[in-house]
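Can you join these two chains into the complex? Each is in its own frame, and there are hints to help.
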Amino acid sequence: MPDPADPAQTGSVPSDSGSADSGPAGTGTPGAAEPAGTPRRRAFLLGGLGAGVAGAVAGAAGGYAYRATRPAPASQQALEDAEAGALPPVPFHGKYQAGILPPAARQTAVISFNATADGRGELIGLFRTVTDRARFLTAGGTPPPVGIGGAPSDSGTLGPAVVPDGLTVTLGVGSTLFDERYGLSARLPARLTPMRTFPDDNLDPAQTGGDLVLQLSAGHPDTVMHALRDIARHTRGGMQAIWRMDGFTSPARPAGTVPRNQLGFMDGISNPDPASQAQMDKLVWIQPGTAGEPAWTAGGSYFVVRLIRMLVEFWDRVDITEQENMIGRRRATGYPLDSNAIHATPDFAHDPSGAVIPLTSHIRLANPRTAQSGDSRILRRGYNYDRGIDDVGNLDIGLLFTSFQQDLKRQFEAVQTRLIGEPLVDYISPFGGGYFLALPGVRDGSDYLGRSLLA
Amino acid sequence: MGANVRPAAFHPRLAPKLAASVAALAVAGGAVACGGGTPASSAVVSVSNGGCGAGWKLAGPGWHTFQVYNAAAEGAEVDLVDPANGAIYAEVEALGPGTTSPMRLNVGSGSYAFRCLFEDADAITGPTVTVGGHARGTPAIVPITRNDLFGPARTYHDWIAAGLGTLAGQTATLAADVRGGNLAKAKADWLTAHLTYERLGAAYDAFGDFDGQINGTTAGLDGGVSSPDWTGFYRLEYGLWHGQSARQLTGVANTLVSNVRGLRDAWPTMEIDLLDMGLRTHEILENALQFQLSGQDDYGSGTTLATVGANIDGTRELLTVLHPLLAPRYAGLAAVTTWLDRLASLLEAAKRPDGAWIGVSDLSTSLREQIDAAAGQALEELSPIAAITEPRRT
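Sequence lines, in order, name chains B and A.
Just so we're on the same page, our numbering is the position in the first sequence counted from 1, plus 135.
So in our numbering, spot 374 of the second sequence is number 367, and the numbers just go up one at a time.
Treat the hints as calculated values from the structure; they're not laboratory data.
Listed below are several chain A residues computed to face chain B (Cβ distance under 10 Å; list not exhaustive):
{"hint": "1", "residue": "Asp72"}
{"hint": "2", "residue": "Ile81"}
{"hint": "3", "residue": "Glu84"}
{"hint": "4", "residue": "Thr131"}
{"hint": "5", "residue": "Ala133"}
{"hint": "6", "residue": "Ile134"}
{"hint": "7", "residue": "Arg322"}
{"hint": "8", "residue": "Trp332"}
{"hint": "9", "residue": "Gln370"}
{"hint": "10", "residue": "Glu374"}
{"hint": "11", "residue": "Ile378"}
Here are some chain B residues the structure puts well away from chain A; computed CB gaps all over 10 Å:
{"hint": "12", "residue": "Tyr231"}
{"hint": "13", "residue": "Glu448"}
{"hint": "14", "residue": "Ile532"}
All C-beta atoms in this analysis are idealised placements derived from N, C-alpha and C, irrespective of residue type, glycine included.
Okay, chain A solo, but in the shape it has when bound (with noise of 0.2 Å):
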């Protein structure tokens, strides 16, 4: 979506880089006062090139704040881990050399280790503390690395490829309609060919500048729908239903037909970025609220919550190829499903009698706030993916 797209800061989550060592020293701090009346605790916890958390201890189960202060003359990533599978309880990303970071849990029974990753270093695991009984504490996650993430996005990359080749044949036609005059026939086969692009929608970043040629709305446009820098589905949609003619919109969806060609035929070079896989499973969907649901990027056709279906298949597909890896890490997947279908099964109830799609501000009050409210529901939901599908080294 062209204007839509997030900018690079709203990307921070750096690619997760080397190696690791180091020491560490375990200074007693002072308790500190936790909310919740459980037992609580702070400690210093040092890490450096020679050792990490050496000595540390734990009172006992409940909850406890770590300072963990990086000793070294480099940055470093700490975590929490349970020792015998890796999986991370608690984690500090990007510690500056001599900075100290709070790090928080609710232990309970199990085994701790501190695990330290330095650039261009293995990982080092330091001492492990067994706290025995059968309290419940923060859980621990196995984290995903790159690796894990290879099958997947090739995987998607191939439906991809697919769905591009689908959207060649379909913008072909819809040129062809332009070309030939039958405008009746276009505005059907435009929202076809639109839908199957929005339904690829997990891989906007990784089209690069076709993105913004195939589906780019005026936003960020001197004149706005009058720009001549306009091009693309939005464009085109604009021009079918405002009256605008055959002879004015050919040169409109030929160039819609090329960049679409040139994209299917760049694609098999192109890259989906690994940390991208888990994001767009929300992102995707914050899209939707915020330029389909609003019927913002509503250029006359009224059929913005079309475009949310095909946004809730691009979704699901992405949940389809993560799933292995989400299914034993993400007790929520279930309430995803459950929000997603009812979103789903809304945006079909919302269409008129005769199947067509009905524009946003003609929905009754009742069933757009039952919409807006499950597309709500269904991003509360699907969020904490992208912090579980984030690749971490171990």
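Chain B on its own, in the form it takes in the complex (with noise of 0.2 Å):
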């Protein structure tokens, strides 16, 4: 879903894209299901209207700017293999964790843990546990026979030999492993808190934070939940599973485009460009040196895990104008309200008063395009959940929003903080999640994650 040739990127919560075919007006009754932050919808209402748009391309007539201009991005293409399970194997090891710059896989799992390591020793000894686990399930192979010694050394159910399927396996730190247990604190990284709780949040505690994070992403379900049972496995001792999260990415409708969140828009347009190391240097990697930063840190990520359920229900009575204009894109094509390409960069210099792309829009807020804006950019994965429905049988569906970030105040919370009060918050509600620090990459087959934490 990244876009490697647009600088531009959106911000934290749900995102991008828009449309031209309307569709029915919606109920035209917007006042039916209002909740408590009505003031803020019919405000928003209000300043929507004026926002007709020019140049409604008709999505299947007309075909897509996108399409004409520019290859399928590698996310297409990673998609289609995954949809031939022909992903091949991720190298694991590198200067990076391998898991942090390819596009949103088909299938991923976010899993928060608190350590329950007796110690440093022991709590080295899970690291390297977690790094032998993910290089031998990240390669695939055959599992040990274990003779007449005891169960089988493998769960089965990716058949007899296990498929490497894409798998990336990244663990992350929470600030709450630097405690008094494991004698690191005079380690913590320089921005690393428990994860900020925004206006618009309603934190769960039992689903926010952790002291270590676990992100498999895979081509298939069975793929990541076989690498999930197996790292449990053998970590039964070391650490506690306290919540966990499943998302997955659809395919780009109509092809060619860009896939879509669970409001119906394509989610993750704009995003900085992973193939280039200088953006990567400059959004992404901690460098050796950065202000404060333990060198422990150099290679690795702030890693925001955002968990947001999306009200659907309510959402699917808001009419398509009024959809759009709290997005600030086209749902049917993407393209932002101002253009008919999807990659365009909105001109919003030229629309100081929001008369086309509303002032108060998401993709507006989230990156308003400026020079100071600029470095606040993340490197955004999507990716949609479904956890069943909830107490009044609406469905709990959503988002689970990732981002990779060098800077946690410049980047994730710059971004987050000029979306407080978008009009969209009336119909998302973020309820867990938390801040960890993507660990440096494994080098070779002697390294471990954390080797430089804990080392």
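In structure tokens form, the structure reads like this:
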């Protein structure tokens, strides 16, 4: 879903994109199911009415400028490979963890753990074990037989031989790991704190934070679950899972565009370019000597996870104009409201009053595209989640938001702060997640995740 | 634990039977790639009543997969053994006639031979192949036989008998408390007696219907806690901690006493399945994790952590009687002790300052995580014992 070539990027929450073919103009009764945030919603409605849009190109008939001008992005190819079950192994060793830069995988799971290891020695053992399992699982191969010496060494859910299926295993640490238990307080990363509570958040402590976070991503749900079972089995005494969220990405529909979130909008149209080392060094990787950071963090990246419920029943009762004005893009095509191309850069400077793209729209607040906002961009990876139903019978679905950045405050928190009070907040509810630091990479077969922190 | 007992389907391991014999043909198979960059091979090894893997070869150390084919008209068990001591590197159990099953292992330096066991026949051991050098491979484990298990099972049976005697006295005291209307004392005596029963946990199946009568939960009962069919410790716990009167509970307590006496008296003629000796070393704590650490089987007393402690004691008793068999076969025994000790000390640390037990939902998050983690790790360390101590023919 990231677009390598578009320097723009949207912020944190659900995200982008718009439409032409507006379909039925919604229910026309916006007052029907308004929550407490009504004033905000009404104010928005008024602002949005003026935003008529030119160039409403019919999706099917008009085709996509996107398609006409550039090849399918890497993410699209990856999704097609995943469909075919053909994802090759992702090399595990390297300067950085391998799961950070790739496009959002078809399937992911984010699991937060508290460390239960007794002392520094056991903690090192835990990190070594996670590393060893990740090394095997990402490469694939046949699990060793145990003869008559025990239960099978593998769950067998991927068949007799473990297939790599593009699996990546990303390990991060939370600020609570740096308390007195392991003698790590002097090594606390300069910007690592518990996740801040923003005004529109509704955080559940049981689904927030954690000493450790693991993200497992692959081409299929069975691969992700197999990896989770394997790692958990080998680390039972060392860490205890506290919350978990599975996520998926959808095929781009229509083909060649960008996958959609569960609000119906394309998600993650603009992102920094992972292929640009310069951009990644500026926006994602903690550099040796990054102000105030302990040396061990070099090559790591701050990792934000936000669990964001989408109130889709309410959303589906909102007319298309209001929806598009909240996002700032067309739902059908992903075009910015001022453009006829999905990856066009919105020209906010020529729309100072928000007549075309409302000042309160998500894409405008998240990334105002000013000289000052450039260094607040984040590497955003959004996944859809589905957790059944809630207490009133509504769908419990939403967004598993993840982002990687060099600096939590300069980037994620700056973006999130600009989004405070955006009209969209009436339809979404962040309820969990955490701030972590994704560790530097594992250099070779004798290295392990967290060595620079623990050795 | 009555309703908590594993259904029969969880015990697929057949009682070992038969004898064997066989003939063998070794057919060369194509090489099969294996992970790990080590040399790998695959060959068909045929067994029948005329021979066991005759003519088979090993190219050298490394990963090998044998396709074991049963050419006989009856089922077979085929082991790859060290002929010097009968230790098993790998086995294929219940290989049906005309079927093939892979046998995979990392071959190291040492001696290898196939051994075939057919029904009603002695074991046949095929030719020995020796691999030189100093390569480490999949270790072989000397199989445990039924004869090996008789002694430990007898010791364990005696230990249970003694425990049932103690239990009969404790439940009589408990019933007297209830009849006399001293429900405060009944609560304390209930815990004492219940923990005695939970300590005997390894014998659930061996207790037959008595277990459901003595320690059944409401699972599977129409009407749940109001079911008239619910008897035993948990029924009494529910009443004692939900304000039921001595009059209401006297019948429940008396029934418990008579059921315990019935079990005590029947026990001398009841047998312990030898297979269960090893299975129970992890099953007791599997149940503890599922029903006690979850709080599911807390009917009001908030003593499920005490139950887990008693379950640890019961597990340790099994490990003690099996120790002579396990010590030379299982390198993980020290880790078993480490994690059972850690779990036990965490349970002690969880008590209130006055020594009273605390319900799992009142534990601090941190302590509950540590307890659950220790239980999980202890189970991982215990799990190989069942496979190692499965009674095998030799």
